[in-house]
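Undergrad: Construct the complete structure from the given sequences, taking the supplied hints into account.
For the record, the sequence lines run as chains A and B. Counting from 1, position 45 in the first sequence corresponds to residue 37 in my numbering; the numbering is continuous, with no gaps. Counting from 1, position 7 in the second sequence corresponds to residue -10 in my numbering; the numbering is continuous, with no gaps.
Any given hint might turn out to be false.
To be verified - Here's a subset of chain A near chain B, in silico, CB distances under 10 Å, partners left out:
| id | residue |
| --- | --- |
| 1 | -5 |
| 2 | 33 |
| 3 | 58 |
| 4 | 59 |
| 5 | 76 |
| 6 | 88 |
| 7 | 90 |
| 8 | 114 |
| 9 | 115 |
| 10 | 238 |
| 11 | 242 |
Worth flagging that the hints you see were computed from the coordinates, not collected in a lab. Given the structure is predicted, the values throughout are model-derived calculations rather than measurements. Cβ coordinates follow ideal geometry from the N, Cα and C atoms, glycine included.
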Amino acid sequence: MNSLQKHWDARAALNFILGGMGAGLMIAAALAHAAGRAPILLSLVLVAAGLGAVWLEIGKKFRALNVFINPFTSWMTRESFIAALLISFGAAAMVKPQPFLPLAAATALVFVWCQGRILHASKGIPAWRAPQVVQFIVSTGLAEGAGLALFFSTEPLLLTWFALALVLRAVAWTRYAAAAPSAALESPGKALLQIGTVAALALALAGAWFPAAAPLAGAAALATGLWLKFALVTRAAFNQGYALPRLPVRGTR
Amino acid sequence: MTRWAMVADLRRCVGCQTCTAACKQTNATPPGVQWRRVLDMEVGEYPEVKRAFVPVGCMHCDEPPCMHVCPSTATKKRADGIVTIDYDLCIGCAYCAVACPYQARYKSSDDTLRPDVATKCTFCVERIDAGLAQGLKPGVDPEATPVCVNSCIAQALHFGDVEDAQSNIRGLLAENQHFRMHEELGTGPRFYYLWDKAP
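TA: Now the structure itself:
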């Protein structure tokens, strides 16, 4: 068994958890007009908190602005630029939703895609470098954000978006799990499909008649997504390890 | 064009860790940080077990994933292939460490010379540059050669210019069968392992 990477811990995981959830919430907020400004504000707080968590992890905190130097090849730099745009558009949308809320939502989509690419570029960690990880990170961000938005509004368009995001996430997860199977992800993966998808879809359907069921659906989708992302970053991140394709031939043959 | 590379003869390495100690002393790395390590690997199952000692460290890849992911451009690649880190630019995010498939990167708060930034084997770049300035030949003249190579008691480690057809390591690669670790990942490591004589 290869060793678990220890360079990125729960603080880094929080960036993917809070950032993905916040970005998904911004996209859902653009669809849920009845929800008002609260989800926009919460989205910004979540994204900023995620970045704050990862700032606590870096070794040279007062050099943090150096993160912006390499947009040419580094997805971390690209994520940082997009985060700055997202926070700017989001703040502007608090004052003037049109045209800034759609702009913030589009930026949020790019932001969560950058997060997926950050993991994919981590060549030393087989569980992260699988190409399918990008689709999973994007889709779970969308599902978690839509789930969180259900605490603010249960309008039909949002419920439909939530259901679509859940299906997309389940497909993305199934594809990822087939490409990069991991014992550490078995339990959270099962929970994501059973509680975070099937049960959540049933609750969302019930939410069309009983609005109180919708937030429960959101909570189920949110909790299972967060658990899986936390496990992906901290528990399934085994190093590549070493390989010896040939053994030394010593002595006479 | 010069392209520095290292060769480890797995048939010769006895796992004495002298290279590890020499590297630690020269580069003053803190406890737990080993830019040059020697793995003790067992392969197979009883009674068909084989053991090999495998020197590892930064492979100074042709396509270093650590450099591509670095958000601050602290990690760079010189024209001669040596991958370097600018400790004054590095933010210590450790993205390079998770991008490296060879577990060659470290970050330590106990490192008094380079605290909280990414560090790794440099191929003793200062010795190479100083040696070249004096007209010496890295891999041949000890003063211009990485200390791990100089210290090896079994002459298992070799260093030289892999682009130079007359170099010591080109001769070794021609005379022996060799492999590079995790070539399938497309990193183009410049650390060759000899495992048998050429057929």
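Undergrad: May I ask which of the numbered hints given earlier this structure violates, with the numbers listed in increasing order?
TA: Numbers 2, 5, 6, 7, in rising order.
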